[in-house]
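Each protein sequence line maps, in turn, to chains D and E. Here the working numbering is used: the first residue of the first sequence is -14, the next is one more, and so on. Here the working numbering is used: the first residue of the second sequence is 160, the next is one more, and so on.
Some hints here could point you the wrong way.
To be verified - Subject to a maximum C-alpha distance of 25 Å in a straight line, what follows is the list of computed DMTMM-like cross-link-like pairs (lysine to aspartate or glutamate):
id	chain 1	residue 1	chain 2	residue 2
1	E	290	E	234
2	D	186	E	213
3	E	169	D	214
4	E	261	E	271
5	E	337	E	285
6	E	221	D	175
7	D	186	E	224
8	D	186	E	268
9	E	344	E	380
10	E	327	E	311
11	E	264	E	231
12	D	186	E	380
13	E	169	E	224
14	E	344	E	431
15	E	261	D	175
16	D	186	E	188
17	D	186	E	353
18	E	506	E	431
19	E	264	D	175
20	E	337	E	231
21	E	290	D	132
22	D	186	E	271
For the record, the hints were derived by calculation from the structure and aren't laboratory data. Source: prediction; values computed, not measured.
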Amino acid sequence: MQTKRMTFPGHWLPYALLAPQVIITLIFFIWPAGQAMYQSLLREDAFGLKTTFVGLENFARLFRDGAYLNSLSVTAVFAIGTTLLSMSVALLLASTVNRMIRSRSTYTTLLVWPYAIAPAIAGVLWWFIFHPSIGVIPYVLDMVGYDWNHRTSGADAMLLVVFAAAWKQISYNFLFFLAGLQSIPQSLIEAAAIDGASPFKRFWTIVFPLLTPTTFFLMVVNVVYAMFDTFGIIHATTEGGPSQATNTLVYKVYSDGFVGLNLGSSAAQSVILMAIVVALTIVQFRYIERRVNY
Amino acid sequence: MASITLEGLKKTYGGNVDAVKGIDLSIEDGEFVVLVGPSGCGKSTLLRMVAGLESITQGTLKIGDRVVNRLEPAERDIAMVFQNYALYPHMTVYNNLAYGLKNRKFNREQIEARVQTAARMLEITDFLQRKPRQLSGGQRQRVAMGRALVRDPAAFLLDEPLSNLDAKLRVQMRVEIKQLQRRLKTTSLYVTHDQLEAMTLGDRLVVLNGGQIEQVGTPMEIYARPASMFVAGFIGSPAMNMLPLDYLHVQGSGALLHDLPENTDTVGIRPDDMLLQAPDSPHFTVEATLVLFEAAGAESHLYVQLADSEQPTVIRTSGQPPVSEGDTLTLHIAREAIHPFNSASGKRTGG
Chain D
-14 MQTKRMTFPG
-4 HWLPYALLAP
6 QVIITLIFFI
16 WPAGQAMYQS
26 LLREDAFGLK
36 TTFVGLENFA
46 RLFRDGAYLN
56 SLSVTAVFAI
66 GTTLLSMSVA
76 LLLASTVNRM
86 IRSRSTYTTL
96 LVWPYAIAPA
106 IAGVLWWFIF
116 HPSIGVIPYV
126 LDMVGYDWNH
136 RTSGADAMLL
146 VVFAAAWKQI
156 SYNFLFFLAG
166 LQSIPQSLIE
176 AAAIDGASPF
186 KRFWTIVFPL
196 LTPTTFFLMV
206 VNVVYAMFDT
216 FGIIHATTEG
226 GPSQATNTLV
236 YKVYSDGFVG
246 LNLGSSAAQS
256 VILMAIVVAL
266 TIVQFRYIER
276 RVNY
Chain E
160 MASITLEGLK
170 KTYGGNVDAV
180 KGIDLSIEDG
190 EFVVLVGPSG
200 CGKSTLLRMV
210 AGLESITQGT
220 LKIGDRVVNR
230 LEPAERDIAM
240 VFQNYALYPH
250 MTVYNNLAYG
260 LKNRKFNREQ
270 IEARVQTAAR
280 MLEITDFLQR
290 KPRQLSGGQR
300 QRVAMGRALV
310 RDPAAFLLDE
320 PLSNLDAKLR
330 VQMRVEIKQL
340 QRRLKTTSLY
350 VTHDQLEAMT
360 LGDRLVVLNG
370 GQIEQVGTPM
380 EIYARPASMF
390 VAGFIGSPAM
400 NMLPLDYLHV
410 QGSGALLHDL
420 PENTDTVGIR
430 PDDMLLQAPD
440 SPHFTVEATL
450 VLFEAAGAES
460 HLYVQLADSE
470 QPTVIRTSGQ
480 PPVSEGDTLT
490 LHIAREAIHP
500 FNSASGKRTG
510 G
């Protein structure tokens, strides 16, 4: 395909046209990122009166700090849990809805709704549902003999934030899976049926392999979501507790920096997060370009 | 190997849309039957009912001696070739062929032997390790055929398998499919909208229109004695010319037409039966003006305007007759070339 090449007279017009985007990027992304990198090398007292240059000391301390290492593993559990839960539920819903003909659009609309809800609202919603004294689910669990209390049990708290975070992401995953399923020609499924494959086998040997590009894309998106986009949910439900059990990296940046006022350490943590996000983005671009599988 | 019997087969969608309105047909063991008709005539639906991909609203379907109405596609012992080939894009050609065998619990040696035999037969041995997207259209078509015959099913069902190929390849594959079917002697049901494909491939044709059978017969039977005006217009290219009987009474020698069956009001004449030279047998003549001359190499198509008639008419002659556009021609039509029809019923008159 040929794209038409615009040529501008002089130099200033193209720069002027690019300027708004460049300025926004500089002010809201590059400058804060630079600030974070600079601050990660400093130590500051709680009142901001004295600042000392400490080199990589902040980073070194982090990797010796049990709380930070705990936060790393909490984040890993949380991200993997959220991704697995939201993707498997979304795939189940998408393949069910894909079988419907007339009611498909109604179900799709209903299933996309949670995505429009603000993270904090979603958090509060789940906080109510799971509230140990007034919630519906602890009440039901109590009847089967389980004492739910996410304020004292770290495992309960983790389950709660995973549910809340996954629930919000299901809509997004559902839409992509549904689109992926609809792009698989019906005749492939029919050919497999004639070839003697049971519905279950058809799904795992034909449908699922053909969904790998979608699955891989969603996996990266979901991990990024769980790691960076779930601050609101955690803040509204567990606030990182009990005893650090749900203190993910992003939440720790906030609590160390804005609550604990340890700005140097907080900045060092966000620089590490930045490195992780860059790595994930590279992985995503690499593989999406190459279209996994076939 | 098996016969296929359809008894009063019906398909109704949503309670009131009849796609297939009661089909009775019996296909002999080893026979090659072609379902042909315009789009929307129900031919694909009928094939998919035989395959088990569409449910049967009413009627009985037998493959061999078994009633298979309620059996899953896999249990019917049939193989199907799809219009878009439906090759599994993430599997190699080898695995595409082996998939059905693996599902049927064949052991490794049997699979290997069968795949290799099928691949040799279709000359795709060199491509066994490739993925479908690395193949050309014709090669994909062969793989689709291979996937059908590797299982050695009781019947082949083919749903417009050649329509995605270019014209040259289509003719080549048509010949190969015919030869393959002769060699394997597997009962085959083939769906197409292309009347030439239907004529050349089938032992018998089933012409469908509006969910019903118009005519069943060998290609030559249908060509020589179309049972209805629809069949007359559909089989043969260019299509048969239809003229009101009165027109011939006025224009030609009406005397020749007296022995036509009663209630004949329309006559059909094939484009190649309108002759520029008078034949020896009894015939009558009409006057016409040449509107457009189409040379197609070995044959020519003459689009003419009959005198005192609005009816568009086509003549086919071999070679290139010495005529030019605007000429007035005298056309000779032999008595035995006339097909009598009744326009109200659309049927051939006189049985």
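Here is what the structure says about each hint:
1. 290(E) / 234(E): violated, 28 Å
2. 186(D) / 213(E): holds, 21 Å
3. 169(E) / 214(D): Roughly 56 Å separates the two Cα atoms, so the pair is violated.
4. 261(E) / 271(E): holds, 11 Å
5. 337(E) / 285(E): The hint holds at about 23 Å.
6. 221(E) / 175(D): Within the cut-off at roughly 21 Å; holds.
7. 186(D) / 224(E): violated, 30 Å
8. 186(D) / 268(E): Roughly 23 Å separates the two Cα atoms, so the pair holds.
9. 344(E) / 380(E): holds, 23 Å
10. 327(E) / 311(E): violated, 29 Å
11. 264(E) / 231(E): holds, 17 Å
12. 186(D) / 380(E): violated, 47 Å
13. 169(E) / 224(E): Roughly 20 Å separates the two Cα atoms, so the pair holds.
14. 344(E) / 431(E): violated, 35 Å
15. 261(E) / 175(D): OK: residue 261(E) and residue 175(D) at ~17 Å, within 25 Å.
16. 186(D) / 188(E): violated, 32 Å
17. 186(D) / 353(E): Violated, at roughly 37 Å.
18. 506(E) / 431(E): holds, 22 Å
19. 264(E) / 175(D): holds, 19 Å
20. 337(E) / 231(E): violated, 28 Å
21. 290(E) / 132(D): Distance ~55 Å between residue 290(E) and residue 132(D) Cα, so the pair is violated.
22. 186(D) / 271(E): holds, 22 Å
Hint compliance for this structure: hints 1, 3, 7, 10, 12, 14, 16, 17, 20 and 21 are broken, all remaining hints hold.
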